[in-house]
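Colleague: Residues per chain are reported as follows:
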Amino acid sequence: MLISASKTIEADTRIIGVEHAMAKPSASVKERQQDSAKCICAAIEAEDFSFFYGSTVGVKNISLQIYPCMVTAIIGPSGCGKSTFLRSINRINDLIPNTRIQGKLLVNGQDVYEKNINLVNLRQQVGMVFQKPNPFPKSIFDNVAYGPRLQGAKKRFGLQQIVEESLKAAALWDEVKDDLKKSALALSGGQQQRLCIARALATKPSVLLMDEPCSALDPIATGKIEDLIDQLRSDYTIVIVTHNMQQAARVSERTAFFCLGEMVEYDHTARIFKNPAKKQTEDYVTGRFG
Amino acid sequence: MKIAVRNVFDKVFTGLTRASIVLLVLVLAVVLGPILYRGSSAVVFRGTVEFRRMQFAVFGHGDEQQIQSEVQQARAVRERVYEIVDEFKKGIDASALTERARKIHRDFGQELRYRQTPHEQYAELRSLSRDIRDRLEAAFEASDKAQVDESIKYVMQYRQDERLRDTIAAEYFQMAGDFQRAAARVDLAKRAEYAEQLKDVEDILFCADDRPGLLGPRPGELQPALVMNQYGATRWDQAKALLDRFLWEEKWVEQEKGKPLVKVKVERAKIFEGTELEPLFAYVRDNVREMLRPRWTFYWRYFFDDSASGHYFGGVGPEIIGTLLLTLLSMLFVIPLGVVSAAYLVECASENMVVRIIRMCINTLAGVPSIVFGLFGMAFFVLFLIPLFDGPSKPCILAGSMTLAVLTLPVMIRSSEEAIRTVPQEYKEGSLALGASRFRTFVAVTLPAALPGILTGVILSLSRVAGETAPILFTAGVALGPVPDSVLDTTRTLSYGSWDIAVGNRISALVPHKQYGMVVTLVLLVLCLNGLAIVLRSRVFRKLKGQ
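In order, the protein sequence lines correspond to chains R and H.
According to the working numbering, the stretch in the first sequence is residues 984 to 1273, in order.
According to the working numbering, the stretch in the second sequence is residues -6 to 540, in order.
Since the hints were made in silico from the structure, they are not lab data.
The structure displayed is predicted, hence computed values, not measured ones.
Ideal placement from N, C-alpha and C gives every residue a C-beta, glycine not left out.
There could be a bad hint or two in this list.
[What the hints assert, rightly or not] List of simulated lysine to any residue pairs, SDA-like, C-alpha gap at most 20 Å:
(1) H:K83 x H:R93
(2) H:K536 x R:A1169
(3) R:K1165 x H:K538
[What the hints assert, rightly or not] Facing chain H, a subset of chain R residues (Cβ under 7 Å, in silico):
(4) P1051
(5) R1106
(6) Y1129
When you get a sec, could you build the whole thing from the sequences and use the hints?
Modeller: Take a look at the structure:
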């Protein structure tokens, strides 16, 4: 314990950003427990899940349980399969030809790769935000309304309200409320990403998957997105893949560390960064590789 | 490679690209310039009073009062021409005079019967009249002045005869007197030559059988059957050409022995030297402006009027309508077909042998000659498909536009495919991640994003289809016909019309400006359609980019 403590003291200077980050207060446990009672978020469970691109391994033997109503971060070096795993959850990987899976991946108890699964329902339940903001070349209103319209919402039956709520939830309403007809491509990068989050929230999902949402944004926009994640944390199950360890430390409650297609460690964020169980994890978070 | 050499190459490359652009512009100017210049003379030209008269009579354009007053003014100046010609004809037009003499004889006989003259007197007077008539005819035919005088003298002795005084027969003597005076001034030996020359002159001045003249038919005379010949020179350049032919005769003359004949211009006034007709030429030359009253005309109705008299008069309105109908209808067929095929090739088709063969077929189809499409269209659409749906088995706009759609399908498929492929994958992922089906994603996200590229394909197809002639030769096009009522009618088009005028030498020599005009109209129409489509595409593009 002492030895590892001294190591961590030595390493502390390196992960000082993490320290500061973790000083940010998050909601007290009690409050969180109260919230989770009325929370409708889904839990995600992977049981020995593997994903192959042809003969190449994407991820191998992942067994992981993601708890509802909290932010879970997945960190790891490039090519370790974090995005692959994330994209398997809502089956966006189906776009890629020549892939196969093994094992089970359950969202709210239902196997995602089951034969008779309703993909439309799944994808409306599991929202996704991509690395590069990808608003459609339509107006802001039409972007956010895209999902609800698929669900059958009509203008006169509350579509306006859904759009407004989603934009407010994404902390974008004040900035765009004057002109919702403006093209979404005219917004700045940060605003576009928040728009994509609003768009994903408009279908009232229970899970929100975020694939490196801030990697294409400047620090100020990144800060805003992280604040947003903080606000959303108690209402959705959020899984965020990130390259930025400090970001993972700032926003998440639990963290999984992937390396070379396998999950190395999964624990509370504080423990992963301050006191990791595996050496590989420690090497990564202290920056010895990656 | 040394830096210096590389710099030289760079400069040479830049210079070559600039030179090629200059060359392109020069080629366009050389090719399009004359066509545009000549074609514009179909719309902007100096029109004469005959043109305005024709426009009012045939098409109903123009102010009636104004035209009438102009026509009166022109006729006032033309009177002198008619006078001179008539005077001259009195002297030499033997057949007309003979005809008139016979008419007098007939009318005299009728008058006698009307007056119920007793039978003997009737017979006597009739034979006298016949005698006078025959003598007059001899006088008219005679080529010797002495003969003429003798015959006239014989006839004139009956002038004071009271039996003939108050009758129609008195006109005999009027005629005889006129003729004697006229014959005195005319070289009777040349009478036959004069007659022939006069016919030429009259043809040029008034109208010939197959082409109109300078002033048009004489008022009061029987109008010719062809509308074309019922009016004089409608354009000032036409008038000038006719004036030239009027003043000068072209003859082939052997100038040097053994060498080929040379064309020589001979002044017609010299032929009629010394006769009454001689002042005609100077008069016409000096007064042709008053007789025709040319004025700069902007004939914008050229694009709306029907053509009259086989494109001799009028405009290309029906042709424009036909071209537009065919083009737009074929676009209506090809755009959905092309986009759906492209969608299949991009979204649904897996890369196996069948799909590869399909692609190869599409590419081959792009190289098939257009006449083959015409024959295919006739065999398949006209003779098979339309009768299958109880339609008439004859060429029609429907068959023509379907043929044109098949012709331009490869272009449409290729550009649509390109456009759909270029849509970023992110849009598709974003849409699918929100729970949209693949079809919904395609229609709501991919297709609008691919619209600029698809519109590019539309522009390319439009230009091609508007100018095609071979596919509609057998399937929809006719040279003359009414404006189509429905899609089951044939139609005239600009391309077909241009070809027809060029091939049929009916009128192409008479109205070159019409030919050029039709071609220029086609070029302008294609430019307009392209311009519209380009504007549309740039607006869609800007909306996609978020401006």
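Colleague: Hint by hint, work out which the structure violates, then give me just those numbers in ascending order.
Modeller: As far as the earlier hints go, only 4 is violated by this structure.
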